[in-house]
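Visitor: Next come the chains, spelled out residue by residue.
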Amino acid sequence: MITLGSQGENTFLEAVNKKSGANVLDCYQCGKCVGTCPVSQYMDFPPREIMQMIKLGLRNESYMANSHWFCLTCSACSGRCPREIDIPAVMEAVRHLAIEENYINDSKKVKEIRKFHEIFLDMIKRYGRNYELRMMAEFNIRTRNLFKDMHLAPKALLKGKIPLGVKPLKSAKAIKRMYAIAEKLEKNN
Amino acid sequence: MKKLTYFPGCSAHGTSEEFDSTLKLVLKTLDVELEDIPDWNCCGATSAHVMTENLAYALPMRNLVLAEKLENTTMGIACASCYQRMKVTKVHMDENPELAKRINSTVVEEGTYQGKVDVKSMLQYFYEDIGVETIREKVIKPLTGLKVACYYGCLLTRPKKITNFDSPEYPVSMDQICEALGVTATEFDYKTECCGASFSISNTEVVLNLSGKILEMAKESGAHAIVVACPLCQSNLDMRQPDIEKQQGVKYDIPVFYITQLMALAFGNPVDQLKFPKHIVPVEGALANIGKVAPEPEKVKKPIKAVEAESEVK
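The listed protein sequences correspond, in order, to chains F and W.
For reference, each letter of the first sequence is one residue, going 1 to 189 in our numbering.
For reference, each letter of the second sequence is one residue, going 190 to 503 in our numbering.
If you're looking for bench data, these hints aren't it; they were derived computationally from the structure.
Careful: at least some of the hints might be erroneous.
[Claimed, not checked] On the chain F side, residues computed to face chain W include the following (Cβ under 7 Å):
#1 H117
#2 N130
#3 P163
#4 S171
#5 I181
[As the list claims (entries may be wrong)] Quick look at which bits of chain F chain W covers, simulated, 3 or more residues with Cβ under 8 Å:
#6 36-48
#7 53-60
#8 68-75
#9 107-114
#10 132-140
#11 152-161
No residue lacks a Cβ here, since even glycine has one placed at the ideal position from N, Cα and C.
My request is simple: use the sequences and hints to build the entire structure.
Guide: Below, the structure written as structure tokens:
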């Protein structure tokens, strides 16, 4: 039997609340977030349903949903939420927990979104700054879609819209060390 | 002369170089001296906060710590995403000293975070620190006749408890600056709708749909151009515009300016310094409206359904 509001037993709800700083139990399911969200039509479960799933302790289903990967953190929902819940923080908490607990959604779209973020972080680790052209190239290579956006390339490159190189940080080592320490902190949490 | 600590952000050296260079022209006119944060690093937006909490705070924190070493206590940020990450980090660190201590352990050599630097977007700096009246005084060549839709995007005003600036639903700061330049700002309902942001590369379909709606509404508002203060918004609305037009089968042909480009133009800077050739959608058509006397506004016709509904009531 599922009992609503049994905070003590719902460890998933507890973990999400702790990580996000929000109280998901505040949600009274009005659905304003769904009407507001610019990407709710792409989500397996729109924000309102995710909130309810957390309340019900549906850990696997929440982790495996694409919803938290599609959230753009635009904060339109939280601005209109009558209960003033920080919904993007809840989405982020679910995503971080899913990553930490090695849940992998292998739908094509989620895989591409995740790959993009991984490549972006890799660029910063290597150069301390984003190297736009290389990032786009690596994304195409690693998602096996070599010709994506190639029609934009001639104009963008010719106009100098996307520069060919990047000026790396002088203290690039500081960033590499930061990554290493942050990773350790992540494990200790 | 005022001083301002400056965080350009990665895109200032790439896709939004025209924002960075026109910003510098504008600040010269406004008598503000910029001081770059020495050896600044990427703020991590948006990928760091998507993937991991610690790195999402650590990357901006290094910049905040470096900025504290400079004399000036206000940091101006050109890119809206960088602004958001920097401000979120500042607010959360100031609220939670324990978290600040933990994150500070990732910044080994640069020093201890003290929280003494204020973080502002350049739009906020223009509006609060310079003021609309000062901007009006510096206008040499009013851009009368040009009608624009001011598009703020998500990150400059939201979430309110982080940014503490303007309205999260219907902001007006950029509209007021535009009006000081002689530009007419249209009534535009999609001011803070999301453009699709970082999905530009990884989930282009979403960007085409969301940005498409913004272009459609801007055109419908009667604007000749869109004005932005965010590199990601600019690139989604400008660079992706041909793709959107192809997908929707509509020709928008609506250029997307940075607010600083229009300011620099109104402040009398020569056109060849404003980097207009970098735009994918040509700007000449929109700029041709400058100096034209606007025709009397047409009377707004009520939609047929509303007229029918009214007659039924009678």
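Visitor: Does the structure break any of the earlier hints, and which numbers would those be?
Guide: 7
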